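S.K.: Here is what each chain is made of, one letter per residue.
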Amino acid sequence: MRYIKFFFAGVLFGIIMVKSEAFSWYRIQEMFHFRSFHMFGIIGVAVVLGILLVSAIKRYQIRDFEGQPIVFADKAISFWRYALGGTIFGLGWALSGACPGPMFVNLGYGVYTMGIVIVGAWLGTMLYGLVHNYLPH
Amino acid sequence: MIVIEWLSAPWPWYFSGMMISLLMWLMLYFGKTFAFSSNFRTLCAMCGLGTVSSYFQYDWKSQIWNVIFLLGAIAGGWLSSAYWMGSGIPEVSEYFISDLMAMGFSAPTSMQPSELYDLQHAFSLKGFLILLLGGIMVGFGARYAGGCTSGHAISGLSNLQWPSLLAVLGFFAGGLFMTYVVFPYLFSK
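Protein chains in written order, with the working numbering: chain A, 8 to 144; chain B, 1494 to 1682.
One chain only, chain A, in its complex shape:
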């Protein structure tokens, strides 16, 4: 039962993705064609508010619901893994029109063929697990 709050957070996420239309291939492609401010606005507002939020949490040492300090892990410094991994992700994102979260939102929305993309992402993750020792990080 202690997990139920994550279920409702996921429901909220699904609603946000549908109502913002960010789960649509058309919106992703429109962004890559620079034809609308919509997606840039969504990400821009989320990041600006996010920066204010994170800096406020750090400055005022705000704690979580259990009274534990909220800690932020720094990402490991590397060039190739972010540049190459990010580019490969972007190729798939533009092609399928879905990043990992919206894939599942689409499934719930009734786009059942998104299941092919989900299986692909699962296979891609497995592939990474098999070859990650041979990649530049």
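Honestly, I wouldn't trust all of these hints.
[To be verified] Derived BS3-like pairs (lysine-lysine); straight-line CA-CA distance at most 27 Å:
#	chain 1	residue 1	chain 2	residue 2
1	B	Lys1525	A	Lys65
2	B	Lys1554	A	Lys12
3	B	Lys1525	A	Lys12
[To be verified] Some chain B residues flagged as far from chain A (calculated, every beta-carbon gap over 10 Å):
#	residue
4	Glu1498
5	Asp1552
6	Gly1597
7	Leu1618
8	Lys1619
9	Ser1681
No wet-lab data here; the hints were simulated from the structure.
Since the structure is predicted, the reported quantities are computational estimates derived from the model, not experimental observations.
Glycine residues also receive a C-beta, built at the ideal position from the N, C-alpha and C atoms.
Mind docking chain B on chain A? Use the hints.
M.R.: Chain B alone, transformed into the frame defined by chain A:
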């Protein structure tokens, strides 16, 4: 009536962005982070792939909360389609509709293009490989880069992480290359 109309109308970008920030705050308040794609690693580990790669040997049970979040995302998508769908057609710009025509796609009639996602196209050999390969690149790239749009673009940039900015630039470089260089070969009139 006004409430129903508001619920079924699409949200403007500024409200959508605010809601994503609210969700990120909620996850931090719950003692977790807003990062979706690690679920695929968890799903691999749950399937016993720890036997084929050490990458899947970790305490995946500590990540169950995120799989519950994933299930919620499916339910949220279903709930939205059942009750607050509105027209069900994204309100993209007129300019983009002419881009679509030039790419050999028709104007939107639903949230996903029938040219990719209807049964006929998705289960043709070409269409199936496009969707599968798209997924493989998203899954592979997200793990290689250590995050996706939620983990890097939202959570990482909010924490002013340079690696996340680099990853987001990569997302766009890959996306633009796919859109402008690869698409003309894949889709043509």
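S.K.: It remains to establish, for every hint, whether it holds in the given structure.
M.R.: Okay, the hints, checked on the actual structure:
| no. | hint | verdict |
| --- | --- | --- |
| 1 | B:Lys1525 x A:Lys65 | 15 Å, holds |
| 2 | B:Lys1554 x A:Lys12 | 17 Å, holds |
| 3 | B:Lys1525 x A:Lys12 | 12 Å, holds |
| 4 | Glu1498 | 13 Å, holds |
| 5 | Asp1552 | 16 Å, holds |
| 6 | Gly1597 | 13 Å, holds |
| 7 | Leu1618 | 12 Å, holds |
| 8 | Lys1619 | 12 Å, holds |
| 9 | Ser1681 | 15 Å, holds |
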